[in-house]
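Trainee: Okay, here's what each chain looks like letter by letter:
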Amino acid sequence: MNYTLQFGQVTDHLPYLMAGALVSLQIAFLAFCGGMVIGLLGATIRSFGPRWLVRIVDIYVSFFANTPQLVQIYFIFFALPDAGILLSPFSAVVLGMTLNAGAYLTQIQKAGFDSIRREELEAAQTMGFSLAQQVRYVILPHIMKVLFPPLSNQYILMTLGSSMAAVFGVEELTGRAMTINAMTFRSIEIFSITAGLYVVVTFAATLILALVGRYMFRAKMRIV
Amino acid sequence: MWERIVEEAPAFFTYWNLIFLLKALGATFLLSAAGCLFGFGVGFALAVLRRTRGLGLIWARWLAILFTETFRRIPFLVTLLLTFFVFQALAIDLTLFTIAVISVCLIATAFIAEIVRGGIESVHQNQWDAAEAMNFSYWQTLRLVIIPQAWKVIIPPAFSFFVLFIKDTALASQIGVVELTYAGKVMNNKGFSAALVFGTILILYFALSYPLARFGFWMEKKLAPPRNR
Numbered sequence: 001m002n003y004t005l006q007f008g009q010v011t012d013h014l015p016y017l018m019a020g021a022l023v024s025l026q027i028a029f030l031a032f033c034g035g036m037v038i039g040l041l042g043a044t045i046r047s048f049g050p051r052w053l054v055r056i057v058d059i060y061v062s063f064f065a066n067t068p069q070l071v072q073i074y075f076i077f078f079a080l081p082d083a084g085i086l087l088s089p090f091s092a093v094v095l096g097m098t099l100n101a102g103a104y105l106t107q108i109q110k111a112g113f114d115s116i117r118r119e120e121l122e123a124a125q126t127m128g129f130s131l132a133q134q135v136r137y138v139i140l141p142h143i144m145k146v147l148f149p150p151l152s153n154q155y156i157l158m159t160l161g162s163s164m165a166a167v168f169g170v171e172e173l174t175g176r177a178m179t180i181n182a183m184t185f186r187s188i189e190i191f192s193i194t195a196g197l198y199v200v201v202t203f204a205a206t207l208i209l210a211l212v213g214r215y216m217f218r219a220k221m222r223i224v
Numbered sequence: 001m002w003e004r005i006v007e008e009a010p011a012f013f014t015y016w017n018l019i020f021l022l023k024a025l026g027a028t029f030l031l032s033a034a035g036c037l038f039g040f041g042v043g044f045a046l047a048v049l050r051r052t053r054g055l056g057l058i059w060a061r062w063l064a065i066l067f068t069e070t071f072r073r074i075p076f077l078v079t080l081l082l083t084f085f086v087f088q089a090l091a092i093d094l095t096l097f098t099i100a101v102i103s104v105c106l107i108a109t110a111f112i113a114e115i116v117r118g119g120i121e122s123v124h125q126n127q128w129d130a131a132e133a134m135n136f137s138y139w140q141t142l143r144l145v146i147i148p149q150a151w152k153v154i155i156p157p158a159f160s161f162f163v164l165f166i167k168d169t170a171l172a173s174q175i176g177v178v179e180l181t182y183a184g185k186v187m188n189n190k191g192f193s194a195a196l197v198f199g200t201i202l203i204l205y206f207a208l209s210y211p212l213a214r215f216g217f218w219m220e221k222k223l224a225p226p227r228n229r
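Chains as they are written, first to last, in the UniProt record's numbering: chain A, 1 to 224; chain B, 1 to 229.
Extracted from the complex, chain B is given alone in its bound form (with noise of 0.2 Å):
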C-alpha cells in the first residue's frame, strides 16, 4: 500500500492534476457559498413571516412553516436527486453545476430559516413590548429593535452552518458535479490508487474547512452576547 502510493504519487501531483484538483475545491467551495448566501436571504424572510401576527398573511406563514419542517427532514442526496429529475421532466436545460446550487438553497433555507428565528426570540419580549409601547410599526420594530440585537446570535450558528455544508456538498458527485469528490473519483478510476486519492481529497476538505472552522469559533467568542439579560 505504501510502496504503491510512494510510486505514484509524481504521477498524481503533476501540475495539471493539481490545476484539476484545485478548480475542483473551488467548485466545492462556491456550491455551498451561493447556496448558503442565498439561503440566508430567502431563510431570513420565512423567519420574519413566521413571526408575523396579520391574519392576511396566516396561509403564507403555514407554508413557510412547512417548507422549513419539510427541507429540513430530507436528506441532502434525496433533494440532490428529486430537483435533478424535475428539472429534466420539465424539459428545462440547466447545468449540473446549477441544479446542485439549487439543491444547495433549498435545504440551506430551512436551517437557516430555523436559526434566523432562534435568534429572533433570544431577543426578550421586553423589547417587543416597549417598542409597540412606543408606538413602532411591525418593520420598524425589527429593524430598529430586534435585528441589531438578534444578528450576534444569528450569525454564529449560520456561518457554522456553511462550514457544515461544504462537507455535505460532497454528494454532489453523485448527479456528476464537478466537485472535489467528483475529482476523486475521476483520478481514481484513472488508475491511480485509492488510498492516495481519498487521502488527499480529505486532506484539501479539512484545508478548506478547518481555517473556516477555526474562524467561525474567533467569531463566536467575539460576538457572543452577554448571558445575563
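Just chain A, same shape as in the assembly (with noise of 0.2 Å):
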C-alpha cells in the first residue's frame, strides 16, 4: 500500500466545502417547497377531485416515484433542449427533485388526509364550527401532528439527494469535493471529510426537525 493519508491539503479547502453544504441545503429546501405544493395539489385532487384527474394524479404519482431521480433529471437536462427549453444545471436539478419529491409527498400528504377521522369532523360541526374554524382548530393540528415525521424524513433524504447534483456541474457538496479531488488527487482524505459533513448536516437538521416537531406539533420523533 503506496497511499499515505494527507488531510492538511484537504481541510485548507474546509469552508468551501462548508459553503458547499449550504448549497445543498438549498437546493433541498427549494425541491422541497416546490415537491410540498405539487403533492398538497395532488393529494387534493385525490382526495376531493373527480375521477379522470385522480387517475391523471396516479399515473403521475406512479410514473416519478418509480424512476430513478438521476435519469429524470438527465431528461430534463439533456433532451428538453431539443424542444427549444433550456435550462441552467441548477435549475434543471431542483426542477427535477421537485417532480420528484412532488410524487413522494403526494402519497404522505394523502395518508394525512385520509387519517382524519370523520367523528373529528362531525364533532366539531355539532359544535357549531365554521368550515375555516373546523380546518384550523380540528385538521390542521391534527394532520400537523401526523405529518411532519414523515416530512422531516422527506427532507433529509432529499439533502442526501441533492449530492447528485454533481453529476450536472453544481457546485454544491459533492460538487466541491469533486472539484478539490480533480485539483489535489487526495480522493480519500475529500471524500472522507464529505461524508463526514453530510453526517454532520443531517444529523443536525435531524435533531432540530425533531425539536420544532416536539414542541410545535407534539409530534414525537426518534433520533437514534
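Just so you know, these hints were derived from the structure itself, not from any lab.
Quick reminder that beta carbons are idealized off the backbone N, C-alpha and C, glycines included.
It is possible that part of the hints are untrue.
Claimed, not checked - Label pairs and their calculated CB-CB ranges: (1) Leu94/B - Arg51/A: 51 to 57 Å; (2) Ile116/A - Ile19/B: 49 to 55 Å; (3) Gly191/B - Met144/A: 50 to 56 Å; (4) Gln140/B - Ala182/A: 54 to 60 Å; (5) Pro10/B - Gln26/A: 43 to 49 Å.
Put the two chains together into one complex; each comes in its own frame, and the hints tell you how they fit.
Mentor: Structure (C-alpha cells):
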C-alpha cells in the first residue's frame, strides 16, 4: 500500500466545502417547497377531485416514484433543449428534484388527509364550527402531528439526494468535493470529510426538526 | 423533437441495441438484489446485536449503532466514490461492478438494520418477559418467540427498500458500471437524441420497478399484522 493519508491539503478547503453544504441545503429546500405545493395539489385532487383527474395524478405519482431521479434530471437537462427549453444545471436539478419529490409528497399528504376521522369533523360541526374554524382548529393540528415525521424524513432524504447535482456540475457539497479531488487527487481524504459533513449536517437537521416537531406539533420523533 | 425521435427510432430499436439495454437492465436489478440480500443478512445481525444486553458486547453494540447512523446519513454517490478510491489506493483489483455492489451493501446494511430493529421492537415487551419467565435464553427467545412475530413487520419495508434502491443504483453509472443509466449515456453519446434515449431508459426503469412495487403493496396487505395487540 503506497497511499499515505494527507489531510492537510484538504482541510485547507474546508470552508469551501462547508459553503457547498449550504448549497445542498438550498437545493433540498427549494425542491422540498416545490414538492410540497405539488403534493398538496395532488393529495387534494386524490381526496376530493374528479375521477379523471385522480387517474392523471395516479399516473404522475406512479411514474415519478418508480423511476430514478438521476435519469429524470438527465431527461430534463439533455432532452428539453431539443424542444427549445434550455435550463441551467441548478434549475434542471431543482426542477427534477421537485417533480420527483412531488410524487412522494403527494402520497405522504394523502395519508395525512386519510388520517382525519369522520367523528372529529362531525363533532366540530355539532359545536357549530365554520369550515374555516374546522380547518384551523381540528384538521390542521391533527394533520401536522401525523405528517411532520414523514415530511422531516423526506427533507433529510432530499438533502442526501441533492448530491447527484454534482453529476450536472452544480457546486454543492459533493460537486465541490469532486472539484477539490480534481485539484489535489487526495480522494480518500476529500470524500471522507465530505461524508463526515453530510453526517453532521443531516444529524443537526434531524435534531432541529425533532425539536420543532416536539414543541410545535407535539409529534414524537426518534433521533437515534 | 418528435420528428427526430420518429426518424431515429428504427436505428435505435435494433436487435443488438435491445440486447445491450436488456443486459444493462439485468445488471441494475442484480446490483440492487445482491446488495440488499447481503445487506439483509448483515443488517439483521446488527439489529439483533443492538438488542443484546451483555456487557461483553457493549463495544460491538456501539460500533453497530455508529455504523448504522453513519451510513444512513451519507449519500450513495459519496459512499460509491469513497469505496472506489479506497480500493484503488489499496491496489486491490476489483471490477467496477463489485465495487458498486460493495457500496450498495454498505448502504443497504445500515437501512435494513433499522428496518429489522423496528420489526423486533414492534413485538410487545410482554413477549420478552413471558419468554424470560419461562427460562428461555436470549437466542431461544429471539428464534422461537420474537422473530415469528416480527418478520411480518420486517418484510414489507425491506422489500420496499429494495425497490427503492433499484432506482438509486442509477448513480453507479458515475464510476462506469454498465447498468441501465450508463447504457443510456452510451447510446446518447452515439448520437441518438436525448429524449429518445432517456425516455426509453425511464420506461425500462418503470417496467422493472412498478411490478415490484405492486408486489410490495400486495405483500404489505397480505402480511399486515393486526393493529390491536
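Trainee: It remains to establish, for every hint, whether it holds in the given structure.
Mentor: A quick look at each hint next to the structure:
Between Leu94/B and Arg51/A the CB atoms are about 53 Å apart, so this pair conforms to the stated range of 51 to 57 Å. Ile116/A and Ile19/B have their C-beta atoms about 52 Å apart, which keeps the hinted 49 to 55 Å range intact. Here the CB-CB span from Gly191/B to Met144/A is close to 51 Å, well matched to the stated 50 to 56 Å. Between Gln140/B and Ala182/A, the C-beta spacing of about 56 Å keeps the proposed range 54 to 60 Å intact.
Range check, Pro10/B to Gln26/A: about 44 Å between beta-carbon atoms, so the 43 to 49 Å window is met.
Against the hints set out earlier in the document, no violation occurs for any number.
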